[in-house]
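> For the protein sequence lines, the chains are A and B, in the order given.
Residue numbering for the first sequence follows the working numbering, beginning at 2 and increasing consecutively.
Residue numbering for the second sequence follows the working numbering, beginning at 2 and increasing consecutively.
Read the hints as simulated data drawn from the structure, not as lab findings.
Hints are not guaranteed to be accurate.
One copy or two, it doesn't matter: identical chains are merged, so the pair holds either way.
Stated by the list, open to error - Calculated lysine to aspartate or glutamate pairs in the EDC-like style (CA-CA distance at most 16 Å, straight line): (1) Lys234 / Asp267; (2) Lys214 / Glu189; (3) Lys331 / Glu354; (4) Lys12 / Glu354; (5) Lys49 / Glu149; (6) Lys106 / Glu349; (7) Lys331 / Asp88; (8) Lys49 / Glu373; (9) Lys16 / Asp323; (10) Lys106 / Glu373; (11) Lys12 / Glu120; (12) Lys12 / Glu327; (13) Lys106 / Glu92; (14) Lys106 / Asp370; (15) Lys31 / Asp88; (16) Lys331 / Glu308; (17) Lys234 / Glu343.
Note that the coordinates shown come from a computational prediction; the quantities given were computed from them, not determined experimentally.
2 protein chains.
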Amino acid sequence: MNSLDLIKAAKAASKDMALASAATKNEVLKSISQLLETNREEILHANKQDLEANQNLPAGLLDRLTLTTDRIEALRVQLAELIAISDPIGELIQDIHRPNGLNLKQVRVPFGLIGAIYEARPNVTVDIAAMAIKTGNAIVLRGGSAAEQTNQVLVALIQEALSQNGLPVEAVVSVDAFGRSGATAMMEARGLIDVLIPRGSAELIRTVVENSKVPVIETGDGIVHVFLDATAKLDYAIDIVTNSKTQRPSVCNALETLLVHKDAVDRVLLPVLEALSQLGVVIHGDELVQKLYPKAVPATEADWATEYLSLDLSVKVVDSLDQALEHIHKYSSSHTESIITEDQANAERFLAEVDSAVVMVNASTRFTDGFEFGFGAEVGISTQKLHARGPMGLNELTTSKWLVRGSGQSRA
Amino acid sequence: MNSLDLIKAAKAASKDMALASAATKNEVLKSISQLLETNREEILHANKQDLEANQNLPAGLLDRLTLTTDRIEALRVQLAELIAISDPIGELIQDIHRPNGLNLKQVRVPFGLIGAIYEARPNVTVDIAAMAIKTGNAIVLRGGSAAEQTNQVLVALIQEALSQNGLPVEAVVSVDAFGRSGATAMMEARGLIDVLIPRGSAELIRTVVENSKVPVIETGDGIVHVFLDATAKLDYAIDIVTNSKTQRPSVCNALETLLVHKDAVDRVLLPVLEALSQLGVVIHGDELVQKLYPKAVPATEADWATEYLSLDLSVKVVDSLDQALEHIHKYSSSHTESIITEDQANAERFLAEVDSAVVMVNASTRFTDGFEFGFGAEVGISTQKLHARGPMGLNELTTSKWLVRGSGQSRA
Numbered sequence: 002m003n004s005l006d007l008i009k010a011a012k013a014a015s016k017d018m019a020l021a022s023a024a025t026k027n028e029v030l031k032s033i034s035q036l037l038e039t040n041r042e043e044i045l046h047a048n049k050q051d052l053e054a055n056q057n058l059p060a061g062l063l064d065r066l067t068l069t070t071d072r073i074e075a076l077r078v079q080l081a082e083l084i085a086i087s088d089p090i091g092e093l094i095q096d097i098h099r100p101n102g103l104n105l106k107q108v109r110v111p112f113g114l115i116g117a118i119y120e121a122r123p124n125v126t127v128d129i130a131a132m133a134i135k136t137g138n139a140i141v142l143r144g145g146s147a148a149e150q151t152n153q154v155l156v157a158l159i160q161e162a163l164s165q166n167g168l169p170v171e172a173v174v175s176v177d178a179f180g181r182s183g184a185t186a187m188m189e190a191r192g193l194i195d196v197l198i199p200r201g202s203a204e205l206i207r208t209v210v211e212n213s214k215v216p217v218i219e220t221g222d223g224i225v226h227v228f229l230d231a232t233a234k235l236d237y238a239i240d241i242v243t244n245s246k247t248q249r250p251s252v253c254n255a256l257e258t259l260l261v262h263k264d265a266v267d268r269v270l271l272p273v274l275e276a277l278s279q280l281g282v283v284i285h286g287d288e289l290v291q292k293l294y295p296k297a298v299p300a301t302e303a304d305w306a307t308e309y310l311s312l313d314l315s316v317k318v319v320d321s322l323d324q325a326l327e328h329i330h331k332y333s334s335s336h337t338e339s340i341i342t343e344d345q346a347n348a349e350r351f352l353a354e355v356d357s358a359v360v361m362v363n364a365s366t367r368f369t370d371g372f373e374f375g376f377g378a379e380v381g382i383s384t385q386k387l388h389a390r391g392p393m394g395l396n397e398l399t400t401s402k403w404l405v406r407g408s409g410q411s412r413a
Numbered sequence: 002m003n004s005l006d007l008i009k010a011a012k013a014a015s016k017d018m019a020l021a022s023a024a025t026k027n028e029v030l031k032s033i034s035q036l037l038e039t040n041r042e043e044i045l046h047a048n049k050q051d052l053e054a055n056q057n058l059p060a061g062l063l064d065r066l067t068l069t070t071d072r073i074e075a076l077r078v079q080l081a082e083l084i085a086i087s088d089p090i091g092e093l094i095q096d097i098h099r100p101n102g103l104n105l106k107q108v109r110v111p112f113g114l115i116g117a118i119y120e121a122r123p124n125v126t127v128d129i130a131a132m133a134i135k136t137g138n139a140i141v142l143r144g145g146s147a148a149e150q151t152n153q154v155l156v157a158l159i160q161e162a163l164s165q166n167g168l169p170v171e172a173v174v175s176v177d178a179f180g181r182s183g184a185t186a187m188m189e190a191r192g193l194i195d196v197l198i199p200r201g202s203a204e205l206i207r208t209v210v211e212n213s214k215v216p217v218i219e220t221g222d223g224i225v226h227v228f229l230d231a232t233a234k235l236d237y238a239i240d241i242v243t244n245s246k247t248q249r250p251s252v253c254n255a256l257e258t259l260l261v262h263k264d265a266v267d268r269v270l271l272p273v274l275e276a277l278s279q280l281g282v283v284i285h286g287d288e289l290v291q292k293l294y295p296k297a298v299p300a301t302e303a304d305w306a307t308e309y310l311s312l313d314l315s316v317k318v319v320d321s322l323d324q325a326l327e328h329i330h331k332y333s334s335s336h337t338e339s340i341i342t343e344d345q346a347n348a349e350r351f352l353a354e355v356d357s358a359v360v361m362v363n364a365s366t367r368f369t370d371g372f373e374f375g376f377g378a379e380v381g382i383s384t385q386k387l388h389a390r391g392p393m394g395l396n397e398l399t400t401s402k403w404l405v406r407g408s409g410q411s412r413a
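Produce the complete structure using the sequences and hints provided.
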């Protein structure tokens, strides 16, 4: 069997998945949870092999590649949460009665076959396969090659869970064994894969977007801004800026550029920079910031366009809200922006004029997240405008169809 | 100015469009309507030049290229209808209050900059530009080169209408003057064009899908099926099949393949074929159909996969609903399918198991249409599953954004 045969088998299996009841789909998730527990040693053994074979990877990537008993337990907690969420499939979205007697019902249905291309993070394999099953989809997976042994074990367990509940094992398949040609086959699978979701580095996503012939939902990088307005509360500013920057610097909703109104420099910026400094943050400042805060290194034009994903922060002083909006418009990746202000009119202008997936007032940018939004599960954060924008939960793995019931109507 | 400069100018103009009030946007549509009337002679003159320069085109395409006083009047009626529809922008989609005090509002917003690539149909220029304006978007147009003179006049009038109402003329621009390089620039305009909508032949759409680096909504071809079940009412069958096939054979929602349950052959199929024959339809039949109906020509394997867009129809007898579903699954382009039946259980199975944008019971496939669905205006029919599926109205030219209002929240 080659990648294309696997993809075709998954497409065929998607028909059964679409008709599976909510109860059956939840039973599959329960089986996965049990199998993760009873096969923990086998999973950890495979993961150890992956870790040993990839010791040369940077520490951050190795950490993402690592499974532990606790992390497997965390996956089981997430599966329990997913089971508790109501099934979105079948939801009535619109119900229209036309004057000619036709009834049009728009109902929520699965996509059919989803493709996921992601990096070497084995927990994503379970997460995204479970979300696909919950939404009645089949899925083709292509994980990072560094996680190949672990993913092979995980996919086999998921298939066993499908089989235990009378569903086709081909509903969750991996093309990892085919290397890069597997990913290429997915990108070319027009008419088979209904939507392709790349998750990972900006480069991975760009490659998929530029080469895919099937529809893609981009999850994307975050050049995320906070604007400290003239009226910003000092405690809000310190809490929100340090949380946005340092709570988990390596993720897409972490702060990368701090903009500060000139009238907030003495009162707010200096204490904020002091707090950041104590947490190990390196400040890349414009000229004024360098003058006020000698520890700052000079910010270059490239800094404003950089997603550091590290304890670095670029800082710029602006004359006005307009200038802040202009800077955001020029450099933001349209992921998340937050204003810290007590000025209601400025808050509303910021919400209206910033063209990002999530725009905030007086809150940490770290809240752009499916779990924090209360979605229970997360596919990723969409930074495109088509289909989904912002944190993607179960609904974003569905589409709709129109059911038309008539009594012999023809068009005049 | 080259195509890229024009696209950039349109992107900049999209900021003003997004903030325009519903009243202002309606005033622009009113101005367009007035300008269409006061400049009718100029429009018809340009159209005459296009028609003279393209006399070698097939009759169908020449018809689509032609504007007349009546057709301009029809555009003005559509503009009046569009003005009457309420503005979708600003609509509250979800309103979530989180336990930590955060308020999350998902609101409907414009895409920003839309791209439309379509064939030589000048009425589409007005239609789609008007829908973009109504939804607060800017738009870049690339119409078929045969309509270039007409489109140039129409775009100038639309820009005059924008200008009369204080909006930037760059909100509606055409790259027609740049020929094919204009379309290429649109497909490459990542970060500038938020969504690209191709409208036209299957080949045009495939080219855009395969070459675009910006997100695309596919409007697609229709290999549309009607299934006459064993219990089909004779009058429904005759009305619906003749209407689906002959009311406008050249469009995507016209019937292409008729499937018939073997138990309905004598009672229903023969009278239906007789009615079709009187309307000039050529029957491409399987062996049984050829035997029963000597005027039928033999259907080849290629017929089942063909969108005729003409007075041709392929006809096949099946043993069961399962066999009909199998045929549809194999050959349908997932646009529209209809079952004619009195059997409620079969109707529900057909609705559930056919994976098409629109699935019907006892109705003509010609109803898959934005106006017939009551949307007032139509961008096209989406045959993909991402973002929009089926007839696309104003909502489908919008996206959403999340507005988060906090009081100093940081993530634990």
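> Now, for every hint given, state plainly whether the structure supports it.
Comparing the hints with the structure gives:
1. Lys234 / Asp267: within (13 Å within a copy, 82 Å between copies)
2. Lys214 / Glu189: both (5 Å within a copy, 14 Å between copies)
3. Lys331 / Glu354: within (13 Å within a copy, 47 Å between copies)
4. Lys12 / Glu354: between (42 Å within a copy, 14 Å between copies)
5. Lys49 / Glu149: within (11 Å within a copy, 64 Å between copies)
6. Lys106 / Glu349: Between. Shortest inter-copy distance 13 Å satisfies the 16 Å Cα cut-off; intra-copy 37 Å does not.
7. Lys331 / Asp88: Neither: 40 Å inside a copy, 29 Å across copies.
8. Lys49 / Glu373: Answer is neither; intra-copy 32 Å and inter-copy 60 Å both fail.
9. Lys16 / Asp323: Classified as between; 13 Å across copies, 52 Å inside a copy.
10. Lys106 / Glu373: between (32 Å within a copy, 14 Å between copies)
11. Lys12 / Glu120: Result: close neither inside a copy nor across copies, 23 Å intra and 33 Å inter.
12. Lys12 / Glu327: Only across copies: Lys12 and Glu327 sit 14 Å apart there, 46 Å inside one copy, limit 16 Å.
13. Lys106 / Glu92: The answer is within: 10 Å in one copy meets 16 Å, while 21 Å across copies does not.
14. Lys106 / Asp370: between (32 Å within a copy, 14 Å between copies)
15. Lys31 / Asp88: Only inside one copy: Lys31 and Asp88 sit 15 Å apart there, 45 Å across copies, limit 16 Å.
16. Lys331 / Glu308: Within. Shortest intra-copy distance 14 Å satisfies the 16 Å Cα cut-off; inter-copy 46 Å does not.
17. Lys234 / Glu343: within (7 Å within a copy, 69 Å between copies)
Violation of the numbered hints given earlier is confined to hints 7, 8 and 11; the remaining hints are satisfied by the structure.
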